[in-house]
Amino acid sequence: MNQFKQSRRNFMQNSALMAAAFAAGGVAGLRPAFADRSKELNILCWEGYNSAQVLDPFRTSTGATVKAESLTNDPTMINRLRAGETNVWDLINVNNPWARKIMFPEKLIMPLDRAKMEPYFTKMGADFKPPYKWAMDDSGEQLLGMAQRYGPYSFVVNTDKVSRATAEDQGWDLWNDPANDKKYGVLESDDWNVFNICCIAGFDPFKEHTPEEIAKFGETAKKVFKGAKMVGDIATMNQALVSGEIDFHMTGGTYSASPARADGALNIRAVTPKKGPLAGGKGGISWIEITSVVNNPDISPLAVQFLEYVQDPKVAHTVAFAEGTFNPVAQMGNPDCFSLFTKEELDAIQYDSLEEEMARSVEYDIVPDYDKLLDIMTAAKRDASGG
Amino acid sequence: MNLAKTIGPGTRHALPILLFLLVGFAAPLLAVIGFSFIPARSFSLWQSWSLGNYIEIFNSTSYLSFLWSLGLAAVTVLILAMICYPIAYGLARVFGKYATLVTLLFTIPLFVSENVRLYGWVLFFIKNGVLLGTLKAWFGIEPESWLFTNGIIVFGMVYVYLPFMLFPMTLGVSMVPDQTRDAAFDLGATRWQVFKEVELPLSMPGIMIGFLLSFVLAVGAIAEAKVLGGQQIIPISHDIEIAFTYAQNWPLGAALSVLLMLVVGTMVLLVLRRFDLDAILGRR
Numbered sequence: 001m002n003q004f005k006q007s008r009r010n011f012m013q014n015s016a017l018m019a020a021a022f023a024a025g026g027v028a029g030l031r032p033a034f035a036d037r038s039k040e041l042n043i044l045c046w047e048g049y050n051s052a053q054v055l056d057p058f059r060t061s062t063g064a065t066v067k068a069e070s071l072t073n074d075p076t077m078i079n080r081l082r083a084g085e086t087n088v089w090d091l092i093n094v095n096n097p098w099a100r101k102i103m104f105p106e107k108l109i110m111p112l113d114r115a116k117m118e119p120y121f122t123k124m125g126a127d128f129k130p131p132y133k134w135a136m137d138d139s140g141e142q143l144l145g146m147a148q149r150y151g152p153y154s155f156v157v158n159t160d161k162v163s164r165a166t167a168e169d170q171g172w173d174l175w176n177d178p179a180n181d182k183k184y185g186v187l188e189s190d191d192w193n194v195f196n197i198c199c200i201a202g203f204d205p206f207k208e209h210t211p212e213e214i215a216k217f218g219e220t221a222k223k224v225f226k227g228a229k230m231v232g233d234i235a236t237m238n239q240a241l242v243s244g245e246i247d248f249h250m251t252g253g254t255y256s257a258s259p260a261r262a263d264g265a266l267n268i269r270a271v272t273p274k275k276g277p278l279a280g281g282k283g284g285i286s287w288i289e290i291t292s293v294v295n296n297p298d299i300s301p302l303a304v305q306f307l308e309y310v311q312d313p314k315v316a317h318t319v320a321f322a323e324g325t326f327n328p329v330a331q332m333g334n335p336d337c338f339s340l341f342t343k344e345e346l347d348a349i350q351y352d353s354l355e356e357e358m359a360r361s362v363e364y365d366i367v368p369d370y371d372k373l374l375d376i377m378t379a380a381k382r383d384a385s386g387g
Numbered sequence: 001m002n003l004a005k006t007i008g009p010g011t012r013h014a015l016p017i018l019l020f021l022l023v024g025f026a027a028p029l030l031a032v033i034g035f036s037f038i039p040a041r042s043f044s045l046w047q048s049w050s051l052g053n054y055i056e057i058f059n060s061t062s063y064l065s066f067l068w069s070l071g072l073a074a075v076t077v078l079i080l081a082m083i084c085y086p087i088a089y090g091l092a093r094v095f096g097k098y099a100t101l102v103t104l105l106f107t108i109p110l111f112v113s114e115n116v117r118l119y120g121w122v123l124f125f126i127k128n129g130v131l132l133g134t135l136k137a138w139f140g141i142e143p144e145s146w147l148f149t150n151g152i153i154v155f156g157m158v159y160v161y162l163p164f165m166l167f168p169m170t171l172g173v174s175m176v177p178d179q180t181r182d183a184a185f186d187l188g189a190t191r192w193q194v195f196k197e198v199e200l201p202l203s204m205p206g207i208m209i210g211f212l213l214s215f216v217l218a219v220g221a222i223a224e225a226k227v228l229g230g231q232q233i234i235p236i237s238h239d240i241e242i243a244f245t246y247a248q249n250w251p252l253g254a255a256l257s258v259l260l261m262l263v264v265g266t267m268v269l270l271v272l273r274r275f276d277l278d279a280i281l282g283r284r
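As you go down the protein sequences, you meet chains A and B in turn.
Residues 1 to 387 (my numbering) are what the first sequence spells out, left to right.
Residues 1 to 284 (my numbering) are what the second sequence spells out, left to right.
Since the hints were derived computationally from the structure, they do not count as laboratory data.
Treat the hints with caution; some may be incorrect.
[To be verified] Only some residues are given here: those of chain B computed to face chain A with a beta carbon under 8 Å: (1) Asn59; (2) Ser60; (3) Phe66; (4) Lys97; (5) Asn128; (6) Gly129; (7) Ile141; (8) Ser145; (9) Leu147; (10) Ile234; (11) Asp239; (12) Thr245.
Just so it is clear, CB atoms sit at the ideal spot from N, CA and C, and this is done for glycine as well.
Could you build all of it, start to finish, from the sequences and the hints given here?
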């Protein structure tokens, strides 16, 4: 009997292994360990880097097979590496805190050659001058990745319904005003929703929370989801804003509003509140992507080459306007890159207010009790089910 | 020892398919079951197993999602039955040479992805969209948008699962021999009696297959509530998706999946016990 149990368990374990092997094989192919990888590159990224516009010129010039998988949340990508996919991926593109706070300490990524890569930072915008905090490890010695896309990310309004000034002044209290019931949407981006619900509840998301704050978080989450006209993806939010179904939506910024603005709907505008409960009394949150080289035992030599390739002004402009969403890039600090942007493109990414909005925002950080808050929020969403 | 002698020819020939089933069907299922017993938010089966995830589910409000899924599926199946029976009857007996054309009209949308079709309905129903925009432009009336309501979710589900009810039902209705109907009329049965005593019982296999197929599919529906309903309702499949993605809680997602399989499996078995499909089909 015991023996049967043991074998059944082994069978399950082996099945899981096989399933994992198939899953990994789907991405990178079942390749023997330490095969020649000089013509192969695998990128785990947010959408844009996986587009043909960005990858095809690199494929042509190197003759390499480049595979890129796009996901739309950082924790999932990090967990893929934790679950053993460090031997699949060569590059990982996530938001700012993960490289220095999690991935490097957990040995999921490896440092870059500082002498070779740091000069690229000198050509970026003023905020990115080396040593750039989010690209460095805690000691300030190791360079952990390259910066490119960034932007403010708080909420988006239809300025025909809520003026930019009102939105900036009222800030997160827009969601505390009962008069706004069913006038707003919630973008399905659960990690950012956790940040925003903390802001609406009146406290900083990026710290350990007290039991009182956690209780307040639960109440606020219920209220926010109960009052939401709908929850959906970026396309749904923009469509609902343009058509007049909703007046504003939370979890949004240039990243989510830019496709609608590029389409001519300049009344759809990302807004950063003037003040709020974030560090220093700031009202908004911003993100900066850092792309790092994965600590792959059989790393592709093309990984660093790709990081250099996307620094090129033309390629950086392509990355900014790759399919999906449109975003400012750090390389715009270089006049050669900036001059490639048309007036329409600058309007789409709200370049006019980019600097002041970034100044009003704190940079994306890790929520220490994220798991707990996410569970509370998921339950709140479920409890609000049925309207 | 000769392998051919130890296992019979039947088993030997079935081996490839058995192996295929084991790898393709049983293994992932067993992996899901295995995952449901490991500690929350962990990723390895090599640890002590417990019922923790199940206890967490029973202490949470997950039952709401189960109820929404089962409720929506039941309503969908009932509406489908009422819509599909007359169409099935028409296809089998009335439309004649046009039946193929009507069948094609119901089949062609299946070639387009479900999500694309649902987004199409969003554009149709959205404020200032095809329907409301036309009403506003032509008649100057501006009704409230129906999008992002519970009703529109049911509409979406009825729309998506219609072929899965219609075609088995059509098969069922066409299985009723004309002679039995004629005999009933000759013996003086009324139209209602023929329907109740002859047509309905004899077309039951098709109807039951339609019920089961559309119910099982509808319980797992997720896109309708997400796309048309704007997540006003969180069905159980969405809960499972959240657990596997944002929450990175595979064990919880696995436990929810196992419970869903148990609930749906039990219901299907109960129905099959009441209506023995083999026996009904075997009668013919």
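Going down the list of hints, with the structure as the test:
1. Asn59: 11 Å, violated
2. Ser60: 6 Å, holds
3. Phe66: Violated: closest Cβ of chain A sits about 11 Å from Phe66 of chain B, beyond 8 Å.
4. Lys97: Violated - the Cβ of Lys97 of chain B stays beyond 8 Å from chain A, reaching only about 42 Å at its closest.
5. Asn128: 5 Å, holds
6. Gly129: Hint holds; Gly129 of chain B Cβ to chain A Cβ min 6 Å, cut 8 Å.
7. Ile141: At 15 Å from the nearest chain A Cβ, Ile141 of chain B fails the 8 Å test, so the hint is violated.
8. Ser145: With a minimum Cβ separation of about 6 Å from chain A (threshold 8 Å), the hint on Ser145 of chain B holds.
9. Leu147: 7 Å, holds
10. Ile234: Where the cut-off is 8 Å and the nearest Cβ of chain A is about 5 Å from Ile234 of chain B, the hint holds.
11. Asp239: 7 Å, holds
12. Thr245: 6 Å, holds
When held up to the earlier numbered hints, the structure conflicts with 1, 3, 4 and 7 and fits the remainder.
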